[in-house]
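Visitor: Using the hints, position chain H against chain G.
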Amino acid sequence: MGDSQYSFSLTTFSPSGKLVQIEHALTAVGSGQTSLGIKAANGVVIATEKKLPSILVDETSVQKIQILTPNIGVVYSGMGPDSRVLVRKSRKQAEQYQRLYKEPIPVTQLVRETAAVMQEFTQSGGVRPFGVSLLVAGYDDKGPQLYQVDPSGSYFSWKASAMGKNVSNAKAFLEKRYTDDMEIDDAVHTAILTLKEGVLTPAEIEDYLQEVE
Amino acid sequence: MSIFEYNGSALVAMVGKNCFAIASDRRLGVQLQTVATDFQRIFKIHDKLFVGLSGLATDAQTLYQRLVFRHKLYQLREERDMKPETFASLVSAILYEKRFGPYFCQPVIAGLGDEDKPFICTMDSIGAKELAKDFVVAGTASESLYGACESMFKPDMEPEELFETISQALLSSVDRDCLSGWGGHVYVV
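Chains G and H, in that order, are what the protein sequence lines are. Residues in the first sequence are numbered consecutively from 62, following the numbering used here. Residues in the second sequence are numbered consecutively from -2, following the numbering used here.
Isolated chain G, as found in the complex:
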């Protein structure tokens, strides 16, 4: 507070035309736990690493993948608390749409509104951008869809994508493995194998692969 010379918005442009805080937010995302999504022919799979700080943590209380509507789910990379705020706002927007039109919200509309919220926080006074990227996976009349939303508020539709740590390895792996006509079970399998690329231990892989089979 006070009238310091530097009390301007955190998101003023730098001389090179970048918004430095957003770059930093993306760095925060890049050091978060890996998460990925794969769009299959008949559905979408999202997965994330759930590494807890200690074995004393009650893992059932940690929910990294959340539901926004009965047919839209979301996973994040970055700061957990920020993602909770976004999930809350998105759920409210989805419900408002449902109340007005008595129809479930299409995935693109929800993604657009969530992205608009994230963009607001890059252009308002006294707030900072969200330190999360979201992977929104949904199924509506247009079929299965997967969107990534960044702290800047930009959103992209993906066939398969990864975020967080190890993202280049994960994306390279996905590029090799992805096919347009994958079924959901193949996609789950591929998701687990991708996470294995530097994330899960071999023992955990065995467990999950067994479950899937």
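Hints may be right or wrong, so weigh each one.
Said to hold, decoys possible - SDA-like cross-link-like pairs, simulated, lysine to any residue; straight-line CA separation at most 20 Å:
#, chain 1, residue 1, chain 2, residue 2
1, H, K69, G, E164
2, G, K203, H, E112
3, H, K95, H, F66
Claimed, not checked - Some, not all, of what chain H presents toward chain G, calculated at C-beta under 10 Å:
#, residue
4, D78
5, M79
6, T83
7, A90
Quick caveat, the hints were computed from the structure, so don't treat them as lab data. C-beta: ideal position from N, C-alpha, C; glycine also.
Guide: Relative to the frame of chain G, chain H by itself:
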């Protein structure tokens, strides 16, 4: 005289075989005096969705403008037309917003939904939806219209027969109502 009877109106919509028809009278009056004989009460929202607004003419026009506005924005955002059921929910919400100072209109909504399945509904001036499988009526001539439709309606009529039926039902009903008449507009889709 009630505010709903100030201008006079008659609206009816009927379901046929993969088609619907919506019809209205053409009179605009100021109580007992006729002021226009070509007044439009049925409006197109998109190729497969029509809405008719009975009741106070000024509210009908304003409400129509608001609905077109909302639909255009929906089309731009969602890159598709609104389904009739969705539109009906929207109209209901808009009417209820004005619960304690309502639009004095009774809308009749008619459209073709998924796979061209006909959809009709009406609602009261504060948004209480009334879905029907055969016909819906509104306006000052509604009581006569109920009787005429009930006796003339058959399910699964082809467009030509539907046109005849709805026209006869409308004309005979407005003949018994001094506040509506002067011809009719019929849309068959």
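Visitor: Each hint needs a verdict: does it hold in this structure or not?
Guide: Outcome of the hint check:
Proximity of K69/H to E164/G is assessed by CA-CA distance (about 18 Å); at most 20 Å being required, the pair is judged to hold. The straight-line distance between the Cα atoms of K203/G and E112/H is roughly 16 Å, inside the 20 Å bound, and the hint therefore holds. The hinted pair formed by K95/H and F66/H meets the criterion: a straight-line CA distance of about 17 Å does not exceed 20 Å. Annotation: D78/H was flagged as interfacial toward chain G, and the flag is violated, the nearest CB pair being 13 Å apart, outside 10 Å.
Among the interface hints, the one on M79/H holds; its C-beta lies about 8 Å from the nearest C-beta in chain G, closer than the 10 Å criterion. For T83/H, the interface hint holds, since its Cβ comes within 10 Å of a Cβ in chain G; the closest pair sits about 5 Å apart. Residue-level restraint check for A90/H holds (minimum Cβ-Cβ distance to chain G is 5 Å; threshold 10 Å).
Hint 4 alone, counting from the list given before, is not met by this structure.
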